[in-house]
Amino acid sequence: MTLITEVHRQQYREEGYFILERVIPEEHLAILRSSCDRLIELMHQEMDRQGTDHIHISHRGKRYHIAKYDQSAGCRSTCSAI
Amino acid sequence: MPGHDWRDRYLFYDQYVVKAAEQGITFSWHQDSGYLGFPHMPYVTIWAAVDDMTQENGTASVMPFSTIGIRTLVEHIRDPVTGDKTGYFGKEPGISAIVPAGSLVVFSSITFHRSGANTTDRMRRAYVTQYSAEPVINPETNEPIHLAVPFLSGGKRISG
Chain A
113 MTLITEVHRQ QYREEGYFIL ERVIPEEHLA ILRSSCDRLI ELMHQEMDRQ
163 GTDHIHISHR GKRYHIAKYD QSAGCRSTCS AI
Chain B
23 MPGHDWRDRY LFYDQYVVKA AEQGITFSWH QDSGYLGFPH MPYVTIWAAV
73 DDMTQENGTA SVMPFSTIGI RTLVEHIRDP VTGDKTGYFG KEPGISAIVP
123 AGSLVVFSSI TFHRSGANTT DRMRRAYVTQ YSAEPVINPE TNEPIHLAVP
173 FLSGGKRISG
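Quick note, the sequences are listed as chains A and B, same order.
In terms of our numbering, the first sequence opens at residue 113 and continues consecutively.
In terms of our numbering, the second sequence opens at residue 23 and continues consecutively.
Do not rely on the hints blindly, as some may be mistaken.
[To be verified] 20 angstroms max Cα-Cα, derived SDA-like pairs, lysine to any residue:
{"id": "1", "chain 1": "A", "residue 1": "K180", "chain 2": "B", "residue 2": "I68"}
{"id": "2", "chain 1": "B", "residue 1": "K107", "chain 2": "A", "residue 2": "I167"}
{"id": "3", "chain 1": "A", "residue 1": "K174", "chain 2": "B", "residue 2": "E78"}
{"id": "4", "chain 1": "A", "residue 1": "K180", "chain 2": "A", "residue 2": "I143"}
{"id": "5", "chain 1": "A", "residue 1": "K180", "chain 2": "B", "residue 2": "V66"}
{"id": "6", "chain 1": "A", "residue 1": "K174", "chain 2": "B", "residue 2": "V150"}
{"id": "7", "chain 1": "A", "residue 1": "K174", "chain 2": "B", "residue 2": "T104"}
Calculated from the structure, these hints are not laboratory results.
Could you build all of it, start to finish, from the sequences and the hints given here?
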């Protein structure tokens, strides 16, 4: 089944975006949520290690930009800044 | 490029973007391409709502091309305090993605977008993946600036 239609493609070309509502299954969302929470915890540990409250544009307790993919392991287990 | 098919695609980057509860930090209007610092082919971003997204929790907003009238990369100004880069300082509100968890907003790296403050008492999470039609090479190092993981080969998904 194709989620993206020609209408979406045309809007992307003409307006630069389109939206798909509620397309990620609940079980995948659960994985994303637990993964995200774990990575925030790891980023806090890294901030503690560095003695800082920010790494690049991530700010402790305010906002986080946490890169995820680790090419060597197939998934990232530590955080890194952009 | 030998062996390169025009339908090949690469995973360029993926990250969680999280706004903590009751935080007044906004992300100003920018094009993701504005962060790279060298010419490159535009790439696509898939912004996934991991939590329900509302105006109150600082969802993302996009600026349609027809509203801003710009379809090319503009020079961005860096905020020395936050490190954020801004490319649009006007008053257009854009289109806010008021969407339930599990929704996707798909936009180009030259589409302006921003996000508001999270004024709620709950964290709001998004998961962002970006895909490029060719490896995005940093001209200073001649290496991919982020990832260049083959994702599609000849238009077909590469498994594994």
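Q: Please flag the earlier hints that this structure goes against, numbers listed from lowest up.
A: Structure breaks no hint.
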